[in-house]
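Participant: Spelled out from the first residue to the last, the chains are:
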Amino acid sequence: MLEAVHLTKRYASLPAVQDLSFSLRAGMVLGCLGPNGSGKSTTVKMLTGLLEPTRGVVQFDGHNIQDNLQAYRKRLGYVPEEAHLYPYLTGWEYLEMVGTLRGMASHTLETKLDSLLELFSLHPHRHASIGTYSKGMRQRILLIAAIMDNPDIFIFDEPLSGLDVASALIFKNLVQALGQQGKLVFYCSHVLEVVEKVCSDVLILRKGVVIAQDSVANIRQILGQSLENTFLHLVDDVDTMNVARDIVAAMKAA
Amino acid sequence: MIGLLTDPVRHWWEYYRQRPFGRMVELFVARIFRGGGDSDTEGLDLGIGLALTLLALPGGFVSILLLDKYGTLLQWMRGTLNVDPLLMSVPDEYFFIVLSMAVTGAAAVWRWDAIFPDRRDYMNLVPLPISTRTIFLANLVAVLFLAGLTALDVNAASCILFPMVVGATQNKFVFFAKFAAVHAVGVVLASVFSFLAVFSMLGLLMALLPPRALRRISAYVRGIVVVYLVTLLATSFAVPDKLLRTKGPLPPWTLLFPSCWFLSLCQSLRGRASPAQIELSRLAVPGIVVLMVVALGCYAIGYHRHFVRIPEVAEAAVTAPTPRRSRLGALLERLVLRTPFQRGCFPFVWKTLVRSEIHRLVLTGIGGLGLVLASQALLNAFAGAKSLHQAALSPDALSIPFVLTFLIIIGLRIVFEIPVELRSNWVFQLMLDPDRQECQSLARKVVLTLALPLVLTIAFPAYVYLEGLRGALLHTLLVGTWSVLLTNIVLIRFRKVPFTCTLPIFKQHSIVLLLSVCFGYLLYAISTPEFESPAFAEPLRMIALVPVAALAWFIPHRLDKSTVDIEKKLIFEESGTRTIEALRLSD
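So the protein lines, in turn, are chains B and Y.
My numbering puts the first residue of the first sequence at 1, with every later residue one more than the last.
My numbering puts the first residue of the second sequence at 1001, with every later residue one more than the last.
What the hints contain is simulated information worked out from the structure, not anything from laboratory work.
In this text, a Cβ means the ideal position worked out from N, Cα and C, and glycines have one as well.
It cannot be assumed that every hint is accurate.
For the chain B half of the interface with chain Y, some residues (derived, Cβ under 8 Å), not all of them [claimed, not checked]:
no., residue
1, Leu14
2, Pro15
3, Thr48
4, Leu50
5, Leu51
6, Gln66
7, Gln70
8, Arg73
9, Tyr78
10, Pro80
11, His84
12, Tyr86
13, Leu89
14, Glu93
15, Met97
16, Arg102
Between the sequences and the hints, there should be enough to build the whole structure, so can you do that?
Facilitator: This is how it looks when you write it as structure tokens:
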């Protein structure tokens, strides 16, 4: 089980996340929603160990992840929000480097890479440099890098960004399959429909604070509306129709 | 007073930059400074101020160093009185000309990818209601503005300081003013020439080659230009003397070195040129005009071929053939790289060295310098030698592998500090154990796999042929040992994966480091061969080097042992030493 216990992160004196607590059990796909600046990225960075919390701890199986970060990361697959990769490496070279750094045996690594690249339709392009890849191709490289060592925990930060329809559908089914296999999945996204479809539970953040956390079904039942309306109701006190009308008016103004 | 002059310019610029054309010029100037290319490179993003300061530094430094030569007290102490400052300044004038050409040319090569608008500019600007011709003109204005700015900036310090240093013994202001004006004309024109030469070469390649071929060949052409610039810089040791001594017609090779044209131009303007030099000086201004025409023509054709046709060029990934896995590489991996850290990072470091433009350029420059120094040493070795055997055993010939390994080791150490795609280093931050302390070992293996094969494949067979197996073994062993020791020294407290850490900030001890490198060069590449040369006859004398080697091994070893664990941790960000550390008790 992965637990965030009273996590707080301050940049200088500005709080990005305050007293955030939640738990992620085996088989659970936890969606994380929130508007820009709500603390999603900071939370993800603390969960991956890239950022140390100012207060509170992240625990995995009861142990603070900071105590043995390497062992924790060995069991973690992470897809960051933006596909920052080394453009002069080929897709194969990048994945080979990641696999080697993860300590995968070379024959296993090669076999896995071959099959994953084939499944993600990247096999013909594996020896072209990443600089020539489209955004979706880079995203698929990140996905392969995250899953190739069969980790137990997955942290996906906007993983569908740039993916084509087929790849996105495959990925959504993959996330559900991972949950069914007993993996722990933390899924950050702006796309409410996807979170509604693939996640079993949802965590809604606003200004660094959790404002709702429950199963998707429960939230729908309690509020009696779709996740999109629930999100708007909880997070943004904005009349979206009015704002759209105002935008059109502003466009017409001299 | 200054405000009176600058205010109208500022107002004019404020008015002008509100217009689309002015905005685009501003955009292109910023883009050329901050780097272009289709990748989101952020490896070495110097601000405009810092870049201009760095470009201006060499001229200023060299001028100050010349105080020693022109100081009246020192001249008096040397017994050189009644010197002719104009005659005395010819070699230095030549040096400033080649320096300005080299610095400006290097800056243009550095920003090679950013000089022309790229796909990102296309995607951002073409959908706007601006004609492609306007984009063309705006970029051209930005390029010409930067060419002028660079030419002025590179030479600003030398145009003031050098005439002051030379004219220190003269009481007349007219001498200073005349000297400064002629010097300024010479160096600024040389700078402009150098920039235009690089610009036209790029334009010509763009006009002739399709985009993919251009991408492939561009790196090699840049490498050749860098080597030429280094060679040009190295000519300052011999060319001025030869030009001064030649009484009749000048040798034909002077036509190939534009630096000679500009020196002759300066001499002509001072009324000190020989008829042959006057002839040569006539090439300077027409040369610039021709280059300007060629540059503009090629730029226009290249722009049409590349920029306007960007949407026609498929952006999709190309299918590349499967590269062969070399057996040597596999063997090296099995024998030398023992941990996942090393197996993962070693290929990354190698591929960055080979494929990253900036790293390749810096290494090419250092390689070019190595070639120039090695050729010089080879020429010196054969100059006074009566036989091949005597030449091979001369300190000059013996110094060649020392010079090359020194430059490789120091060059790599410098290059390791230049970051590449910093935003992509999250993968290392996520996966590497900061306490493993393997960076030094990794860097050592990279340096030695580049430096040692050179000794083994060139110096060893050459000396087996010239001096037999015993001599070759002795020489190779010495160069090899010295390379290992120097590598250990330069990697003291090295704790980063090369290229993944922010650029080190300028430290107070940087000057000391620079002086140490110069001193190290003297010891490593000059004194050692001087000692080795006579020791070839009596190999037992080599034993005297054992204590030196032991000391050179012990000091870095001891320093590493005495380093506290926290200072051995892997880092991804260079931070300055803080005078005051905030405790943040409220957090």
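Participant: It remains to establish, for every hint, whether it holds in the given structure.
Facilitator: To see whether the hints hold, each was checked on the structure:
Interface restraint check for Leu14(B): the shortest CB-CB distance to chain Y comes to about 11 Å, outside 8 Å, so the restraint is violated. Given hint, Pro15(B) at the interface with chain Y, is violated; its Cβ is 10 Å from that chain's nearest Cβ, farther than 8 Å. Checking Thr48(B) against chain Y: minimum C-beta separation of about 6 Å stays under 8 Å; hint holds. With 8 Å as the threshold, the beta carbon of Leu50(B) comes within range of chain Y, its nearest partner Cβ sitting at about 6 Å, so the hint holds.
Interface hint status for Leu51(B): violated, as the beta-carbon distance to the closest one in chain Y is roughly 10 Å, over 8 Å. With 8 Å as the threshold, the beta carbon of Gln66(B) stays out of range of chain Y, its nearest partner Cβ sitting at about 12 Å, so the hint is violated. Because the beta carbon of Gln70(B) sits about 5 Å from the nearest beta carbon in chain Y, less than 8 Å, this interface hint is met. With 8 Å as the threshold, the beta carbon of Arg73(B) comes within range of chain Y, its nearest partner Cβ sitting at about 6 Å, so the hint holds.
For Tyr78(B), the shortest C-beta to C-beta distance to chain Y is roughly 6 Å, which falls under 8 Å, so the interface hint holds. About 6 Å separates the beta-carbon of Pro80(B) from the nearest beta-carbon of chain Y, less than 8 Å, and the hint is met. The interface hint given for His84(B) holds, since its Cβ lies 4 Å from the closest Cβ of chain Y, which is under the 8 Å cut-off. At its closest, the beta carbon of Tyr86(B) sits 5 Å from a beta carbon of chain Y; the interface hint therefore holds under the 8 Å criterion.
Hint status for Leu89(B): holds, given a least beta-carbon distance of 6 Å to chain Y, under 8 Å. Of the supplied interface hints, the one on Glu93(B) holds, with its beta-carbon coming within about 7 Å of a beta-carbon of chain Y, less than 8 Å. The interface hint given for Met97(B) is met, as the beta carbon of that residue sits about 5 Å from the closest beta carbon of chain Y, less than 8 Å. With 8 Å as the threshold, the beta carbon of Arg102(B) comes within range of chain Y, its nearest partner Cβ sitting at about 6 Å, so the hint holds.
Checked against the numbered hints given earlier, the structure breaks hints 1, 2, 5 and 6 and satisfies all the rest.
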